[in-house]
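Student: Those protein sequences? They're chains D and P, same order as listed. Residues in the first sequence are numbered consecutively from 1, following my numbering. Residues in the second sequence are numbered consecutively from 1, following my numbering.
These are calculated hints, taken from the structure and not from any lab test. Don't take each hint at face value.
Since the list gives no way to pick out one identical chain from another, each pair is judged satisfied if it fits inside one copy or across any two copies.
Quick list of in silico lysine-lysine cross-link-like pairs, DSSO-like style, CA-CA up to 27 Å [as the list claims (entries may be wrong)]:
id, residue 1, residue 2
1, Lys-380, Lys-145
2, Lys-380, Lys-295
3, Lys-405, Lys-676
4, Lys-388, Lys-318
5, Lys-702, Lys-686
6, Lys-295, Lys-388
7, Lys-378, Lys-145
8, Lys-448, Lys-380
9, Lys-388, Lys-241
10, Lys-191, Lys-552
11, Lys-139, Lys-623
12, Lys-680, Lys-642
13, Lys-388, Lys-145
14, Lys-199, Lys-145
15, Lys-513, Lys-295
16, Lys-435, Lys-388
17, Lys-191, Lys-145
18, Lys-139, Lys-378
19, Lys-585, Lys-688
20, Lys-380, Lys-139
21, Lys-295, Lys-21
22, Lys-650, Lys-21
2 protein chains.
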Amino acid sequence: MKKIPILIFSLFLLYSVTAQKTARTLTSPGKAATVTVGLNPAGEPFYRITYRGATVVDWSRLGFLTREADLSKNFTLIRADVSAHDSTWKPVWGEESSIRDRYNQLTYVLGHDKLGSALAIEFRAYDEGIGFRYKFLAKDNEGRKITVTDELTEFQMTGDHLAWWIPGDYDSNEHVYTAGPLSAVNTDIYKPETAISTKHIVDRYNVQTPLTMRMQNGTHLSIAEAALVDFGALHLRLDPKTLKFKAFLISTPDSLVKSVNTLPFNTPWRAVLLSRDAAGLLTNRLILNLNEPSKISDASWIKPMKYCGIWWEMHVGKATWDYAGSQTGSTAQGLQPSGKHGATTANTKKYIDFAAKNGLGGVLVEGWNVGWEDWFGKMKEEVFDFTKPYPDYDLDEVARYAREKGVQIIMHHETSAAVPSYERQMDAAYAYMNKYGIHAVKTGYVGKILPRGEWHDGQRMVNHYVRVAERTAQNHIMLDAHEPVRPSGLHRTYPNWMACEAARGQEFNAWSKGNPPSHECTLPFTRILGGPMDYTPGIFQIEVNQFDPNKKERVHTTVAKQLALYVTLYSPIQMAADLPENYEKRPDVFQFIRDVPVDWDETRILNAAVGDYLTVARREKGKPNWFIGSITDETPRDFTLKFDFLEAGKTYEATVYEDGPGAHYETNPYPVNIRKVTVKRGDTLKLKLAASGGAAVSVIRK
Amino acid sequence: MKKIPILIFSLFLLYSVTAQKTARTLTSPGKAATVTVGLNPAGEPFYRITYRGATVVDWSRLGFLTREADLSKNFTLIRADVSAHDSTWKPVWGEESSIRDRYNQLTYVLGHDKLGSALAIEFRAYDEGIGFRYKFLAKDNEGRKITVTDELTEFQMTGDHLAWWIPGDYDSNEHVYTAGPLSAVNTDIYKPETAISTKHIVDRYNVQTPLTMRMQNGTHLSIAEAALVDFGALHLRLDPKTLKFKAFLISTPDSLVKSVNTLPFNTPWRAVLLSRDAAGLLTNRLILNLNEPSKISDASWIKPMKYCGIWWEMHVGKATWDYAGSQTGSTAQGLQPSGKHGATTANTKKYIDFAAKNGLGGVLVEGWNVGWEDWFGKMKEEVFDFTKPYPDYDLDEVARYAREKGVQIIMHHETSAAVPSYERQMDAAYAYMNKYGIHAVKTGYVGKILPRGEWHDGQRMVNHYVRVAERTAQNHIMLDAHEPVRPSGLHRTYPNWMACEAARGQEFNAWSKGNPPSHECTLPFTRILGGPMDYTPGIFQIEVNQFDPNKKERVHTTVAKQLALYVTLYSPIQMAADLPENYEKRPDVFQFIRDVPVDWDETRILNAAVGDYLTVARREKGKPNWFIGSITDETPRDFTLKFDFLEAGKTYEATVYEDGPGAHYETNPYPVNIRKVTVKRGDTLKLKLAASGGAAVSVIRK
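Go ahead and model the full structure; you've got the sequences and the hints to work with.
Tutor: This is the structure we're talking about:
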C-alpha cells in the first residue's frame with residue numbers, strides 16, 4: 001500500500017516534466033548511472049537517477065527558498081551544456097596512489113525573473129554515482145547577498161531500504177548507528193543518550209549524511225555531500241509515508257536562516273554514491289573526485305604517521321588533563337600541583353622514548369597548556385591559552401628531546417568550542433608551534449559553540465574548520481580535527497587535513513556503554529566515506545579498570561580486532577592508543593602495530609557487509625608488502641581469503657594475528673594466536689573470527 | 001498632578017525601607033552628595049540620592065533578573081562596610097595634569113538564597129556625584145555562569161527636567177540631540193532619519209547615556225556609566241507618567257538575554273554626575289575616577305597629536321576610498337585604476353609635506369588597503385585585508401618618507417563591522433604596522449555587526465573594543481575607534497585609546513542635513529563626558545560644493561567657530577580636517593590650528609549653558625600659554641572674558657580669531673577678524689560671537 005501514492009506522483013511528474021521538452025538525460029561513461037533533469041509546467045526543476053536499469057532516486061525536486069527570491073519555481077531552461085571528462089590524479093596520501101576522475105557533465109542553466117540572475121545545476125554522472133550542485137550565478141549582481149532559508153532538494157527512495165543511520169544532530173556525529181528499514185526511522189530512541197555532552201537533535205525524522213542504504217536488489221547507495229564549504233551541513237528529513245528525503249540544512253543562530261552567501265557561489269555537491277555491493281562503496285571515490293584539487297603546491301612536509309600519546313591514560317583514570325588534578329574540568333582550583341597531571345616533561349619523554357623505539361612518528365600531548373581546570377560546560381570565551389604551557393611542561397626541553405629522538409610532537413588545541421578566542425589566537429599559536437618545530441596539531445571543539453547560537457555543523461563553523469585547515473597549511477602544520485563537522489572529502493583540497501574525529505570514537509569505550517561490535521563494521525560504509533577518521537585503535541587492555549577496580553567500562557572487541565582496525569579503518573594517521581606499559585606486556589602482538597603502515601598504493605575489499613563484517617587488503621606505499629584486516633560484529637565468522645592480489649611468481653611471509661582459542665569480546669577478549677605462513681599468488685588463507693573478533697595479517701615479500 | 005503619585009510612592013518606600021533598619025546613608029567628603037540605601041520588607045533594595053539638600057534621585061529600585069536566580073527581592077543585609085579614600089593621580093594626557101580622587105565608600109553586602117552566593121552593591125559618594133556598581137560575589141561558585149535577563153536599576157527623577165537626549169539605539173550614537181522636558185521624550189521623531197546607515201531604535205522612551213538634565217533649581221545631573229566592560233551598554237527607559245528611568249541593557253543576539261557573565265564579576269559603574277551649573281559638569285571627573293588605573297606601565301610612546309589626512313576629500317567628492325573609483329562601496333568592479341583614488345603614494349606625500357610644514361604630528365590615510373570596492377551594506381565577512389595595500393600605495397616609500405619628514409602615518413582599519421575577520425587579522429595587522437613603524441590606528445565599524453544578531457553596543461562588541469585597546473597597547477599603537485560604543489572613561493585604563501567617534505561628527509555636514517548649531521554646544525555636556533571624541537574640526541570651506549556645484553550640503557558654523565572647537569571639544573587627537581589647499585588659502589586663520597596644543601595642564605570653564613554656548617580656557621601642557629575657545633548656537637552672543645587665570649605679574653600676547661563683520665553661519669560664514677592685544681591677569685576681553693559663531697584666542701606669555 002505504501003508504494004501506490006509514490007508511483008502515481010512519479011508518473012504524473014514524469015509526464016509533466018518531459019512534456020515541457022526541457023528534460024535532459026546524462027549517462028555515465030560506462031553507462032552504469034543516469035540522471036534525468038527537467039522542468040514541470042510550473043517551472044519547478046525535478047531529477048531522477050537510475051543505476052544499472054533500476055530507478056534509485058525517483059522524480060525529486062530541486063531548488064531553494066531564499067529571502068531574496070523564491071527559487072522553487074518559475075524557472076525557464078536557458079541552455080544545457082554537456083561535456084565529457086577523464087583524468088587521473090595522485091593524492092598526497094591515500095588508499096591508492098592514483099585516482100581516475102571520469103565523468104560526463106551536464107550544466108542545466110536556468111533563468112529566473114526574481115533572482116535577477118540565473119541558477120545553474122551542474123550534474124556529474126560517474127559510473128559510481130551522481131553528483132550535483134547548484135551554481136548561483138552573478139550576472140550583474142556580483143556581491144549581492146543571498147539568504148538561504150531552505151534547500152528543497154529531495155531524494156525520492158524507491159523502496160523501504162535497509163539503512164544505517166544516526167540522528168540529524170546540529171552538534172554531534174558521535175552516535176551509535178541504527179540499522180533498520182527506512183520506514184522505522186525514529187530518532188526518539190536517541191533521547192536517553194547521555195554520553196554525548198553536546199547534542200541537538202531537532203526532529204524525529206532527520207538523519208545525517210552520508211546516509212547509506214541497501215536496496216532489495218543488493219544495490220548500495222549512500223546520499224552524501226562533497227566539498228562542504230560556506231554552507232550549513234546537509235541532513236536529510238525523511239517523510240516516512242512517501243519514503244522521500246528532503247534536504248535539511250543546519251541553521252545559523254537565526255533558525256529561519258540556513259546560510260547567507262554572496263553571488264556568485266556554488267553550493268556543496270550533493271552526491272548519490274552507487275554500488276552493486278557493499279564492497280564497492282569502499283572503493284567509491286566519487287566524494288574525493290567532486291572536491292577541488294589540492295591547494296598545497298609543495299606537500300613534501302605532509303607525512304602520514306602512527307603516533308602514541310598522553311591521552312588514553314586520562315580516559316582510564318591514570319592521569320588528568322588539568323594540572324590541579326580535578327579531572328572534572330569544572331572546578332576552578334588555581335594552579336596547585338596535584339601529582340596526577342599527565343602532560344609533564346618526564347612523562348612526555350617516556351612516550352617519546354616509546355615512539356622512537358617502536359617506529360611511531362609522533363607523540364600527542366594533551367593537557368599541556370593552561371586552562372583545563374575550569375572550562376567544561378561553562379561556555380567561557382577565554383579559557384585556553386595556546387602559547388602558555390603548565391609549569392611542569394618544559395616545551396623547550398620536550399621539543400629538544402623529541403628532535404634528538406627523531407619523533408614529532410603533536411600539539412593539542414582544545415578550544416572548548418570558544419571559537420572567537422581560538423581564531424584570535426591562531427596566528428600566535430601556529431607561530432609558537434613553528435618556533436618549537438611542531439608540525440602537527442589536534443584540535444578539539446568540546447561543548448556548545450561560541451558565539452552562542454552557532455552549531456558545530458552550521459555555516460560559520462564549517463567555514464572555521466576550513467579556515468583552520470588553510471592557516472595550518474600556510475604554517476606547514478598537519479591537522480587532526482576532533483568534534484568538527486563530518487568530512488566531505490576536503491582532504492583532497494587540503495591534504496594537510498589528515499583526519500577528523502566527527503564520529504563515535506574509541507574513547508566512548510572508556511566512559512560509556514561504548515561502541516557495539518557492529519560499530520567498527522559500520523563506520524567505513526558511512527562516516528568514513530567522507531574522509532579519514534582518527535578512531536584511535538589499538539587498545540590491548542580491554543577492561544578499562546586498570547586504575548580503578550570499580551570501573552565497569554570495557555572495549556567491545558577482542559584484541560585481535562583492535563589490530564585489524566589499523567587496516568579496515570583507513571586513516572593516514574593512526575594512534576597506538578593504549579599505554580606503553582600495556583604494549584610492552586605483549587610485544588609479540590604489538591609487532592603488528594609496529595609493522596602496519598599508514599599510506600597505501602592499492603586497496604582491495606575482499607569481503608564486506610555493512611555493519612556485519614569487512615576484510616580489506618592494502619599494499620604499502622612504494623613497497624610490495626600487503627596488510628590485511630578482517631573484522632566481524634558480534635557474530636563469529638570463518639573466512640577463506642584468496643591471495644589473488646599478490647604479484648605472480650613471488651613468495652611472501654604472512655604473519656597472522658588472529659583470535660586465539662575461546663576468544664570472545666565479552667568473556668575472553670585477550671587471546672591472540674600468532675602464526676607465520678609462506679604464501680604466494682593464488683593461495684588461500686582460512687581465518688576464524690571470534691564474536692566481535694578480527695584478524696590482522698602482514699604479508700611481506702621475501 | 002503628575003507629582004502626587006510619585007510623592008506617595010516615595011513616602012511609602014521611605015517608611016518601609018527605613019523601618020527594616022537596613023537603611024544606610026553615605027555622604028560625600030564635602031557633604032555635597034548623599035546616597036541612602038536600604039531593603040524594604042520584601043527584601044528589595046532601594047536607594048535615594050540627594051545633592052545640596054535636594055533629592056535628585058528619589059527612592060529607586062536596585063537589582064537584577066537572571067536565568068539562575070531572581071535577584072530583585074528576598075535579600076538580607078549581611079553587612080555594610082564604610083571607608084574613606086583620598087588620592088591624586090596623573091593622567092598620561094588630559095584636560096589637567098592631575099586629578100583628585102576623593103570619595104567615601106559603602107559596600108552593601110547582601111545575602112540571597114537563590115544565587116547561592118552574595119551580591120554586594122558598592123557605592124561611592126563624591127562631591128561631584130554618586131557612583132555604584134553591583135558585585136556578583138562567587139563564594140563557592142567561582143566560574144558559575146550568570147545569564148542576565150534584565151537590570152532593574154531605576155532612577156526616579158524628581159521633576160520634569162529639561163533633558164538633552166538622543167534615542168536609545170543598539171547600533172549608533174550618531175544622532176542629533178533633542179532638548180526638551182522629560183515628559184516630551186519620544187524617539188519617534190527619529191524615524192525619518194536616513195543619514196545613519198545602521199541604526200536600531202527599539203522603544204519610544206529609550207534614551208542613551210550619558211543623559212544630561214537640568215533641574216528647576218539649576219542643578220545639572222547626568223546619568224552615565226563608567227568602565228563599561230563585559231556587559232551590554234546602558235540605556236535608560238523612561239516611564240513618562242512617573243518620570244522614572246529604568247536601566248535597559250543592549251541585548252545579545254538572543255533578545256531575552258542581556259549578558260552572560262561568570263562569577264565573580266562586577267557590573268560597570270552606574271554614575272549620577274552632579275553639579276550646581278552646566279560648567280561644573282565639564283570639570284566633573286567622576287567617570288574617570290570610577291575607572292581602573294592605567295594598565296600601561298610605560299606610556300612614553302603615547303603622544304597626543306594633531307593630524308591631517310586623506311579623508312575629507314572623499315567626503316566632499318574630490319577622491320574615492322576605492323581604487324576602482326565607484327565611491328559607492330557596493331559595486332564589485334575589480335581593480336581597475338580610476339584616477340580618483342585618494343590614498344596614493346603621491347597624495348600621501350603631499351599630506352606628509354603639509355603636516356611637516358605645519359607642525360601636525362600625523363597623517364591619516366583611508367582607503368589604502370584592498371576591499372573598498374564592494375562592502376557597504378553587504379555584511380560580507382571577508383572583505384578587507386589589513387596587510388595588503390592597493391597597487392598605487394607604496395607603503396615602503398610612504399613610511400620612509402614620513403620618517404624622513406618626522407611625521408607619523410595613522411593607519412586606517414575599516415572593519416565593515418565584520419568583527420570575526422578583523423579579530424583573525426589583528427595580530428598580523430598590528431605586526432604589519434610595527435614593521436612600517438606605524439603607531440596609530442583609526443578603526444571603523446560601518447554596517448551591521450557580524451556575527452549576525454550582535455549589536456555595536458552589546459556585550460560581545462563591548463569586549464571587542466576593549467580587546468582592540470589591549471592588543472594595540474601591547475603593540476604600542478594608539479587607537480582612535482570610529483563607530484564603537486560610546487566611551488565610559490576607559491581611556492584612563494587604556495591611555496593608548498586616544499578617542500572615539502561614537503557620536504555625530506563633522507562628516508555629517510558633508511552629506512546630510514548636518515549638525516545644527518547647537519550640536520557642538522551640546523556634545524561636551526553629554527557624549528564627551530565619557531571620553532574624548534574625534535570630531536574632526538577645522539573645516540574652512542564651509543560650503544562643500546568645491547568639487548560638485550550641485551552639492552547643497554554645508555557646515556553649520558562660521559569658520560571662527562571651527563577654530564574654537566579645538567579648545568571646546570576636548571580630545572588628545574585633533575584633526576585639521578579640511579584639504580591642505582583650503583588651509584593654504586587662509587594662512588593667517590590657519591595659524592591658530594598650527595598653534596593650538598592637544599594636551600593640557602589646566603582647564604577652566606569660563607561660561608556654559610548646555611546646547612547654547614560654551615567658553616573654555618586651557619593651559620598648554622608644561623607651558624604658561626593659554627588657549628581659549630568660545631562657541632554659540634544659532635544665537636549671536638557677546639561675552640566679556642576675565643583673564644583671572646593668568647599668572648600675576650606676567651604679560652601675554654593674545655591673538656584673537658573672531659567672527660568678522662556681518663558673519664553668520666548660513667549667509668556669511670567666512671569672515672574671521674584677527675587681532676592681537678597684550679593682556680595680563682585681571683584684564684577683560686570682549687568677544688562678539690555671530691550666529692553659530694565662535695572665537696579662538698591664543699594667549700602666549702611674553
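Student: For each hint, tell me whether it holds in the structure or not.
Tutor: Each hint, compared with the structure:
{"no.": "1", "hint": "Lys-380 - Lys-145", "result": "between (32 Å within a copy, 8 Å between copies)"}
{"no.": "2", "hint": "Lys-380 - Lys-295", "result": "between (35 Å within a copy, 23 Å between copies)"}
{"no.": "3", "hint": "Lys-405 - Lys-676", "result": "neither (32 Å within a copy, 82 Å between copies)"}
{"no.": "4", "hint": "Lys-388 - Lys-318", "result": "within (24 Å within a copy, 50 Å between copies)"}
{"no.": "5", "hint": "Lys-702 - Lys-686", "result": "within (21 Å within a copy, 110 Å between copies)"}
{"no.": "6", "hint": "Lys-295 - Lys-388", "result": "between (32 Å within a copy, 21 Å between copies)"}
{"no.": "7", "hint": "Lys-378 - Lys-145", "result": "between (35 Å within a copy, 7 Å between copies)"}
{"no.": "8", "hint": "Lys-448 - Lys-380", "result": "both (10 Å within a copy, 25 Å between copies)"}
{"no.": "9", "hint": "Lys-388 - Lys-241", "result": "neither (56 Å within a copy, 56 Å between copies)"}
{"no.": "10", "hint": "Lys-191 - Lys-552", "result": "within (23 Å within a copy, 66 Å between copies)"}
{"no.": "11", "hint": "Lys-139 - Lys-623", "result": "neither (52 Å within a copy, 64 Å between copies)"}
{"no.": "12", "hint": "Lys-680 - Lys-642", "result": "within (10 Å within a copy, 112 Å between copies)"}
{"no.": "13", "hint": "Lys-388 - Lys-145", "result": "between (41 Å within a copy, 25 Å between copies)"}
{"no.": "14", "hint": "Lys-199 - Lys-145", "result": "between (31 Å within a copy, 20 Å between copies)"}
{"no.": "15", "hint": "Lys-513 - Lys-295", "result": "neither (41 Å within a copy, 51 Å between copies)"}
{"no.": "16", "hint": "Lys-435 - Lys-388", "result": "both (13 Å within a copy, 25 Å between copies)"}
{"no.": "17", "hint": "Lys-191 - Lys-145", "result": "between (38 Å within a copy, 26 Å between copies)"}
{"no.": "18", "hint": "Lys-139 - Lys-378", "result": "between (47 Å within a copy, 17 Å between copies)"}
{"no.": "19", "hint": "Lys-585 - Lys-688", "result": "within (25 Å within a copy, 98 Å between copies)"}
{"no.": "20", "hint": "Lys-380 - Lys-139", "result": "between (44 Å within a copy, 19 Å between copies)"}
{"no.": "21", "hint": "Lys-295 - Lys-21", "result": "neither (41 Å within a copy, 74 Å between copies)"}
{"no.": "22", "hint": "Lys-650 - Lys-21", "result": "neither (60 Å within a copy, 99 Å between copies)"}
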